[in-house]
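All chains, please: the whole structure from these sequences, using the hints.
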Amino acid sequence: MNGSPLTRFGTGWLLVLPFLALVVALFLGPIANILWLSVTDPEPGLGNYAALVTSDNLAGILWTTIRICVITTAFSVVLGYSIAYAMVHVAQGSRNRMLGLLLVSFWISVLVRTFSWLMLLGRKGLVNETLLGIGLIAQPIEFMRNELGVLIGMVHYMIPYAVLPLLASMQNIDTRVLAASRSLGATGTQTFWRIYLPLTKPGLVAAALLVFILSLGFYVTPAILGGGKVLMVAEYISVQILVTLRWGTAAMLAALMLFGVLALLFVMSRFMKLSTVFGGAKA
Amino acid sequence: MSEVAALPGLRLRALTKRFGTFTAAEDIDLDIRRGEFLTLLGPSGSGKTTLLMMIAGFLDITSGDILLDGASIAGMPPEKRNFGMVFQGYALFPHMTVRQNIAYPLDVRRRPRAEIDRRVDEMLELVQLRDFGHRLPRQLSGGQQQRVALARALCFAPPVLLLDEPLGALDKKLRIEVQDQLKDIHRRVGTTFIYVTHDQEEALSMSDRIVIMQNGRIEQVGTPQELYQRPRTAFAASFLGKSNFLTRDGTLHALRPEKIEIAPKGQGQGPNMVSGTIRAITYFGSILKYDVAVPGMDEIEVDVDAWRGGAAMAEGAEVDLSWSDTAAVPLERD
Amino acid sequence: MHDKQFMREAAQEGAKAFKEGRMDRRTFLVLCGMAGIATQAVIAGDAEAAANEIVMWNWGGQSEECHGKAIGDPFTAETGMPLKFDTSGPLQGKIKEMVDSGNVTADVCDADLFDAVALGPSGHLEPIDYDIVSKDRTLPQYALEHGVSIILYGYAFVYDTEAYGDNPPKNWADFFDTAKFPGKRSLYKWANGALEGALLADGVAKDALYPLDMDRALAKIKSIKDDSLYWGSGSEAHSMVVNGEVSMGMIWQNRGRNIEMDTDGRYKLVMNEALAMPGAYIVPKGNPAGREAVMKFIATAQSVPSQLTLLGCLGMTPSNPEAFAQIPEDQQPYAITSAMNIDGIVYNDPTWWGENGGDAVNAFLEAIS
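As they're listed, the protein sequences go chains G, Y and S.
If you count the first sequence from 1, position 171 lands on 171 in the working numbering, and the numbers rise without skipping.
If you count the second sequence from 1, position 327 lands on 327 in the working numbering, and the numbers rise without skipping.
If you count the third sequence from 1, position 324 lands on 324 in the working numbering, and the numbers rise without skipping.
Just so you know, the hints here were simulated from the structure itself, not pulled from any lab data.
Owing to the predicted nature of the structure, the values given are computational and were not obtained by experimental measurement.
Beta carbons: idealized from backbone N, C-alpha and C, even for Gly.
There's no promise every hint is true.
Capping the alpha-carbon separation at 25 Å, the derived lysine-lysine pairs in DSS-like fashion look like this [what the hints assert, rightly or not]:
| id | chain 1 | residue 1 | chain 2 | residue 2 |
| --- | --- | --- | --- | --- |
| 1 | G | 124 | S | 180 |
| 2 | S | 225 | S | 206 |
| 3 | Y | 173 | Y | 242 |
| 4 | S | 222 | S | 170 |
| 5 | S | 180 | S | 268 |
| 6 | S | 268 | G | 124 |
| 7 | Y | 289 | Y | 172 |
| 8 | S | 69 | S | 296 |
| 9 | G | 229 | S | 225 |
| 10 | G | 229 | S | 222 |
| 11 | G | 124 | S | 225 |
| 12 | S | 206 | S | 180 |
| 13 | S | 69 | S | 135 |
| 14 | Y | 289 | Y | 242 |
| 15 | Y | 183 | Y | 172 |
Residues from chain G that keep clear of chain Y, each with C-beta distances beyond 10 Å, as calculated [said to hold, decoys possible]:
| id | residue |
| --- | --- |
| 16 | 27 |
| 17 | 32 |
| 18 | 42 |
| 19 | 54 |
| 20 | 56 |
| 21 | 90 |
| 22 | 124 |
| 23 | 142 |
| 24 | 242 |
| 25 | 265 |
Only part of the chain S face toward chain G is listed, based on derived beta-carbon distances under 8 Å [what the hints assert, rightly or not]:
| id | residue |
| --- | --- |
| 26 | 229 |
| 27 | 239 |
| 28 | 243 |
| 29 | 244 |
| 30 | 245 |
| 31 | 361 |
| 32 | 365 |
See below:
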């Protein structure tokens, strides 16, 4: 059929257009609102942003947040890599069971997990009581209610998010390439470092980005497992909105997070095609 | 035969591979001479790839032994065997350039940089890809990728090169071109090539010897001429080239279509002759194919060089078919 | 501030245990888990206001039943107007957002009195009509222009009798003295109560607390920082104590009662110098039922029977002095305004908190993190 340019443009697009407009409006509207608030509340100007430089408090919160997110990302991705690697290499039946367990963990409330860690690693938790009981330690080890506790809780929560993109990326690897490496004289270790690891790089980057970005928004786990002393930016934003009514500060921090993440994605895109990271095209 | 066994080369002794109750390769005995171009030919499921993977070391053997220059290599991991291998689909490293791909086997052996560079240059020259060293595999055509895979597998001068259907992904015209190049490279490097294919033309045109396999067993081993001229079984006769089958004195014989003389009724002559009617004529450019219905027998196919095809003979014409005594080859029972 | 967390905690599970007297650890954890799941449902909100009904914006859970029984039933009997609930929790930020957006769906908020000070002057609240609401039926300092205290709750602390049995801590000075009373402490994370406790411990007189000397208070807080944990919710405060993470824990007084019961008296509540917090009803500007109707509702809540029902049901102490004498025997040790406790308590200043709360919370967070 020789359609007009309009129909060639695609009736499909026309059908989607109203919804697309709605999504854009619903998505960009609030973001614009946040940006506006960040330069108008409590008074017009860049005062909220200037506080980043002038306030040790804000700098401290941001530093804590970034430090915890980076460490969480590193551990989640490394552990997630091992788990995904194991899943790819076990028999189909075991893999399905492992995947089942992994998915089930998504349904467990973060609060339940957090309190479970307290039961397990708290001052009078199972581990400390056992170690004290057998005389291995004289004082309980402070696993929880500090930054270590926050990291344990967050890494535990984030591992499944790291495993899924890594699993997808590992399953995409042509096993003949690995066999080729062996046949060309590379040992298993050489094959891993020189072939396997580089080929899973898109999965690694995707996992790291996902975990890092999700970690930035973490709230419940740091609040509880940190014993109140580990204040991350998400919790701080929430307090500024709901409690102290410093909406300008909250909007500024939200904008900072948004542009921080966008900048991160931009930098990554300089090194690799993001479409390969997010599974668009195969390398 | 004892002379052959004494020669350096690869020897398979009673090699067997079972997957559970399924026997993928059974009791394979084979001597592969150094420098030989040996083809494993068979339909899919015949065990040819299983055999290749056992030689490469990717599959454990169930029983039997593999000897290289007299020493057993069974149980040795693939990277210790020093065999080059070209995979189906080439299995190039997608994140490495052509140069890096080819240098890989020398890199992992920690050879000096200068030696690696010199060797990679030689290899690029050998496969005529001198200007492509800095491309990534996905920027190459299928034929070029195939040559990179070959260069990579030959780079460390392996005593044996294993090739698993390396031309399978190429179109027909390109295949023939690459066959010639492959054969040429084999002549120049002198490495033993063990080549797996299901394509009989490829096998015939390239091999020093062909191993025909079926159901995990060796059906027949020989030079292309031996196999074509003197197939031992009906399977060998039909898998390699075309064949008519007829029973003489209670024995099944194979008779190649081009070895039959065809003449108008009454003009045929020779020790073996039957009469029939032309049912169909097909023109193939270089040959004419006659399908002749012979009373009391299966339909017989006769191939004649097209330039001498008789214009007098048309579909429906009655003809005499005749052949020499040596043309019909007696077969063993399958 | 996040003191409203107190309301949520009391409403959702504290109240139940309060009535039953105890709660074992497993039940407690199950409840924690449920809270994690329930929160999403609660945030959604579930009532739309109309002119012929009162919508109360509160903290869900048990409070629907308790507010319904204590205030809703007599109010409906008198006026014929039903009481409905939005259980998503009226935090200051949410009230401000609701009024700013012009889509006011609640008539009365179960909030803190300092919220009235924070939101009133900016025009987000209706003034209280003291022709209908009685100034005499609340504590005199807690009848403000934009809010009136209906109940009181308080910050007290519990201590481990096994650690300090022979010489128990008696006041905030002992709480902050980790040399004399070694062991870990837990404090409220959002500054409220913790600042007052620190100043009292540092020797500031009860009646000279306000305006709070922030530097002095924070210095005191920091002096025990290494030995302190900070909680943000009642269940967390509870678990820090009963799981043995701390030897002394600052706590809402009705939670303290739960802990005493829960641990068979191993942990004991100290009500001396407890900080009384005025829980208040405030009305978003332009409430759908109209000002007069909602003022009648608030007046109903001030009545002695309603006040005593709230005490029995939620463990919230009456603000109406007429009810003080009628506090039952078994509630005496835990109620803030009971004859037993009323002389020892310290009154929160909602005006100071309403005007300075934001800065105080941020300064406190900086000090502890």
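Identify every previously stated hint that the structure contradicts and give their numbers, smallest first.
Of the numbered hints given earlier, the structure breaks none, since each of them holds.
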